[in-house]
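Q: For the record, the sequence lines run as chains A and B. Numbering-wise (our numbering), the first sequence opens with residue 1 and increments by one. Numbering-wise (our numbering), the second sequence opens with residue 210 and increments by one.
Worth flagging that the hints you see were computed from the coordinates, not collected in a lab. Just to be clear, a hint being listed does not mean it is correct.
To be verified - Below 30 Å or equal to it, Euclidean Cα-Cα: the simulated DSS-like pairs (lysine-lysine) are:
hint, chain 1, residue 1, chain 2, residue 2
1, A, Lys55, B, Lys251
2, A, Lys55, A, Lys31
3, A, Lys98, B, Lys386
4, A, Lys57, B, Lys251
5, B, Lys379, B, Lys240
6, B, Lys240, A, Lys121
7, B, Lys264, A, Lys42
8, B, Lys240, A, Lys61
9, A, Lys121, A, Lys55
10, A, Lys57, B, Lys264
11, B, Lys266, A, Lys98
12, B, Lys270, A, Lys98
13, B, Lys361, B, Lys379
14, B, Lys266, A, Lys121
15, A, Lys98, B, Lys361
16, B, Lys417, A, Lys98
17, B, Lys409, B, Lys330
18, B, Lys240, A, Lys42
19, A, Lys57, B, Lys361
20, A, Lys42, B, Lys386
21, A, Lys42, B, Lys361
22, B, Lys211, A, Lys55
23, B, Lys386, A, Lys55
24, B, Lys386, B, Lys417
As the list claims (entries may be wrong) - Some residues of chain A that are not near chain B, with every Cβ distance over 10 Å (derived):
hint, residue
25, Ser17
26, Thr46
27, Ser58
28, Asp123
Glycine included, C-beta positions come from ideal geometry on N, C-alpha and C.
As a plain string of letters, each chain reads:
Protein chains: 2
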Amino acid sequence: MKPEQLKLYLVTDRPLSLGRDIAWIVEEAVKGGVTMVQLREKDCDTREFLEVAQKLKSLLKPLGIPLLINDRIDIALAVDADGVHIGQSDMPYEIARKLLGPDKIIGLSVENMHDIEEANKLDVDYVGVSPIYSTATKTDTAQPFGLEGLRKAVALSVHPTVAIGGMNTKTAYDVIKTGTNGIAVVSGICSADSPCEASKELLEIINKD
Amino acid sequence: MKPEQLKLYLVTDRPLSLGRDIAWIVEEAVKGGVTMVQLREKDCDTREFLEVAQKLKSLLKPLGIPLLINDRIDIALAVDADGVHIGQSDMPYEIARKLLGPDKIIGLSVENMHDIEEANKLDVDYVGVSPIYSTATKTDTAQPFGLEGLRKAVALSVHPTVAIGGMNTKTAYDVIKTGTNGIAVVSGICSADSPCEASKELLEIINKD
């Protein structure tokens with residue numbers, strides 16, 4: 001994985017897609033310039049999860065945009081995804097790496113400075129610094145980092161970082177200025193009237209200066 | 210897998226364990242004579258699922274009692290379980306087999322005669338005929354087979370069968386008399402005052418005659 005692929009990272013969310021097809025959201029977002037996609041499904045059965053993952057794989061592979069699967073290593077293996085994103089309550093990194101092999105991307109959520117220090121000891125491909133702001137997307141998250149916390153997190157991490165939680169057109173500029181490699185966007189794209197336009201707008205902000 | 214290992218098959222259920230430790234339930238049930246164990250977790254996070262699976266693996270491996278994981282092939286791979294049990298909404302058999310390799314046990318739920326005909330074309334190790342009776346354990350299940358339906362299912366299946374749904378000390382005798390290889394018990398053991406005694410009692414009924 002190239003760190004610049006973290007620049008505008010779409011994380012899918014079924015409820016926040018407002019009843020619209022997830023593959024459509026991704027397709028539109030890709031047209032708008034997203035650089036990486038994470039399929040996150042929390043409440044659907046394995047068969048449905050697999051079918052969406054297969055669709056996204058067909059869509060993204062020809063474009064060279066990495067597809068990561070949230071948490072579910074079985075789904076990642078089944079569709080030969082580019083990797084997984086794991087949280088602190090998911091499979092431990094060592095087991096995930098063993099199951100996926102050395103070449104797959106593994107991203108890890110870090111919720112505080114201690115998590116970052118622990119992640120520094122691991123061969124993860126990036127860390128997702130979460131959350132930067134408090135957000136309605138996830139209700140079980142830790143204390144927000146804020147901009148100052150993110151700046152410290154970026155400095156502390158030996159791995160590329162992507163900022164998540166409250167990323168939108170209002171926050172993106174300040175967040176990118178901390179030096180983080182990118183922003184991971186959920187509702188800002190999934191719930192947008194036009195996921196394509198929303199992605200374009202975010203990318204312009206990220207690329208400003 | 211030997212078909213006789215299906216004889217008294219414990220399927221775990223967290224809510225039906227009434228707040229008691231799942232590893233304790235399994236340990237007691239094993240003392241009482243269960244011949245196979247399926248760890249089924251529907252609402253816990255991956256880390257917790259993994260930790261219970263690791264505990265059960267340590268407990269069951271020295272005893273030679275197969276441990277199967279419901280649905281989650283990643284958990285099965287992570288703990289080197291003996292196999293998985295998949296339902297009609299889980300990973301398709303072919304992908305499960307590819308991920309697990311030729312030597313692992315794969316059991317498949319069948320909910321009607323058509324499912325059995327389809328399963329007959331696959332190299333599954335057993336089919337779980339579900340449900341025999343309507344039950345409070347699962348609310349999303351198909352029309353019950355009943356005893357007569359089970360008899361037909363056993364005759365139709367080219368694979369060993371295990372009956373599930375409403376298996377208890379009242380139903381076990383009639384069910385075993387249909388010729389099925391075993392019964393899969395959920396609440397009859399998980400919710401019993403003594404999972405050990407309940408298992409013993411069920412095994413006596415199964416072995417009667």
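Q: Next step is simple, just say for each hint if it's right about the structure.
A: Evaluated hints:
Of the pairs offered as hints, the one joining A:Lys55 and B:Lys251 holds, with about 25 Å between alpha carbons and a cut-off of 30 Å not exceeded. Note on A:Lys55 and A:Lys31: the hinted pairing holds, with a Cα-Cα distance of about 16 Å set against a maximum of 30 Å. At roughly 46 Å between alpha-carbon atoms, A:Lys98 and B:Lys386 are farther apart than 30 Å, so this suggested pair is violated. Straight-line distance between C-alpha atoms of A:Lys57 and B:Lys251 comes to about 26 Å, which keeps the hinted pair within the 30 Å bound.
About 21 Å separates the Cα atoms of B:Lys379 and B:Lys240, which keeps this hinted pair within 30 Å; it holds. For the given pair, B:Lys240 sits about 43 Å from A:Lys121 by alpha-carbon distance, which is inconsistent with the 30 Å threshold. A C-alpha spacing of about 25 Å is found between B:Lys264 and A:Lys42, which places the hinted pair at or below 30 Å, so the restraint holds. A threshold of 30 Å between alpha carbons decides the hint, and for B:Lys240 with A:Lys61 the separation of about 51 Å lies outside it, so the pair is violated.
About 35 Å separates the Cα atoms of A:Lys121 and A:Lys55, which puts this hinted pair outside 30 Å; it is violated. Taking the CA atoms of A:Lys57 and B:Lys264, the gap is near 35 Å; set against the 30 Å cutoff, the hint is violated. Restraint check for B:Lys266 and A:Lys98: the C-alpha separation of about 18 Å stays at or below 30 Å, so the hint holds. Distance restraint check for B:Lys270 and A:Lys98: the Cα-Cα separation of roughly 21 Å lies within the 30 Å cut-off, and the hinted pair is therefore satisfied.
Straight-line distance between C-alpha atoms of B:Lys361 and B:Lys379 comes to about 21 Å, which keeps the hinted pair within the 30 Å bound. Note on B:Lys266 and A:Lys121: the hinted pairing holds, with a Cα-Cα distance of about 28 Å set against a maximum of 30 Å. For a cut-off of 30 Å, the pair hint linking A:Lys98 to B:Lys361 is broken: about 44 Å separates their Cα positions. Under the criterion of a C-alpha separation no larger than 30 Å, the hint pairing B:Lys417 with A:Lys98 is inconsistent with the structure, at around 47 Å.
About 36 Å separates the Cα atoms of B:Lys409 and B:Lys330, which puts this hinted pair outside 30 Å; it is violated. Distance hint between B:Lys240 and A:Lys42 is unfulfilled; the C-alpha atoms sit about 36 Å from each other, more than 30 Å. A C-alpha spacing of about 42 Å is found between A:Lys57 and B:Lys361, which places the hinted pair above 30 Å, so the restraint is violated. Taking the CA atoms of A:Lys42 and B:Lys386, the gap is about 42 Å. The hint is violated against a cut of 30 Å.
A distance of roughly 38 Å separates the Cα atoms of A:Lys42 and B:Lys361; the hinted pair therefore is violated under the 30 Å criterion. In summary, the hint linking B:Lys211 to A:Lys55 is not supported, as the alpha carbons are separated by about 39 Å, beyond the 30 Å threshold. For the suggested pair B:Lys386 and A:Lys55, the alpha carbons sit about 46 Å apart, so the restraint of at most 30 Å is broken. Proximity of B:Lys386 to B:Lys417 is assessed by CA-CA distance (about 10 Å); at most 30 Å being required, the pair is judged to hold.
Its beta-carbon lying about 21 Å from the closest one in chain B, A:Ser17 satisfies the requirement of being farther than 10 Å from that chain. For A:Thr46, the non-interface assignment is contradicted: its Cβ lies about 5 Å from the closest Cβ of chain B, within the 10 Å cut-off. Consistency note on A:Ser58: stated as away from chain B, and its beta-carbon is indeed over 10 Å from all of that chain's, at 16 Å minimum. Annotated as non-interface, A:Asp123 keeps its C-beta farther than 10 Å from every C-beta of chain B; the closest such distance is 18 Å.
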